[in-house]
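As a plain string of letters, each chain reads:
2 protein chains.
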Amino acid sequence: MPFINYNTLPHLKLRDGIHGGLYHSDQLTFGHLVLEEGALLPEHHHVNEQWTHVIEGSLEFTLDGETQVMTPGISVYIPANTPHSAKALTLCKLIDAFLPVREDFKLLEPWVGQ
Amino acid sequence: MPFINYNTLPHLKLRDGIHGGLYHSDQLTFGHLVLEEGALLPEHHHVNEQWTHVIEGSLEFTLDGETQVMTPGISVYIPANTPHSAKALTLCKLIDAFLPVREDFKLLEPWVGQ
Chain A
1 MPFINYNTLP HLKLRDGIHG GLYHSDQLTF GHLVLEEGAL LPEHHHVNEQ WTHVIEGSLE
61 FTLDGETQVM TPGISVYIPA NTPHSAKALT LCKLIDAFLP VREDFKLLEP WVGQ
Chain B
1 MPFINYNTLP HLKLRDGIHG GLYHSDQLTF GHLVLEEGAL LPEHHHVNEQ WTHVIEGSLE
61 FTLDGETQVM TPGISVYIPA NTPHSAKALT LCKLIDAFLP VREDFKLLEP WVGQ
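So the sequences go chain by chain: A and B. Counting along the first sequence from 1, when you hit position 73 you're at 73 in my numbering, and nothing is skipped either side. Counting along the second sequence from 1, when you hit position 3 you're at 3 in my numbering, and nothing is skipped either side.
Keep in mind the hints are simulated off the structure, nothing from the lab. It cannot be assumed that every hint is accurate.
One copy or any two copies: either way a pair holds, since identical chains are not told apart in the list.
[As the list claims (entries may be wrong)] In silico SDA-like pairs for lysine to any residue, Cα to Cα no more than 20 Å straight-line:
# : residue 1 : residue 2
1 : LYS87     : PHE3
2 : LYS106    : GLY38
3 : LYS13     : GLY73
4 : LYS13     : GLU36
5 : LYS87     : PRO2
6 : LYS106    : GLY65
7 : LYS87     : ASN5
Fair warning: this is a prediction, and the values are worked out from it, not measured in the lab.
Chain A extracted, bound-state conformation:
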């Protein structure tokens, strides 16, 4: 499946109000995530390097104590093991990339949407 249509890929549930389509290569997890307005991602960290890019919406993002409101065209690079958290100020659509692969995401349950 070299071409991946994230418009039709079934969504998985990451947290309340956070869901998306995920695809894993050998080296990287590449996802298209939706955060409902008000969705919260509490502070956490992981061994995976992460890149988050805002496609739509307004995302308040805190990385290692620095907070910015991210809007379309803005990315954040999250080094491995660095604490980060986020709050969706509006409905947000994001591109997320993780390396190495998020093995824990392979265990996620399907998202049961509205």
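With chain A held as given, fit chain B onto it using these hints.
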């Protein structure tokens, strides 16, 4: 520079009609590329795994002999050393991720826009 604003990052020239902002972490190159309508990327390959995601526009993409027209929401995963080529059917805006880092991209010249 954990937060990267690709709306204001100076563009580099990749080829005629192809330019964009690029940022390199230790492990990955993450870029926001613009392909002018009609821009051509001849068939090539590289050791880097690549992910390309269409944000805007319509991109005819050929990967290892399979061609698809990619539109917003569609990604392509290009394994290492796999031949690929592309043609921008319209102005295209893409997210590209490469791992490991594209060291050759660190030598690109600034894009001198219209």
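Fill in: Violated constraints from the hint list, given by number and in increasing order
The structure breaks hints 2 and 6; every other hint is satisfied.
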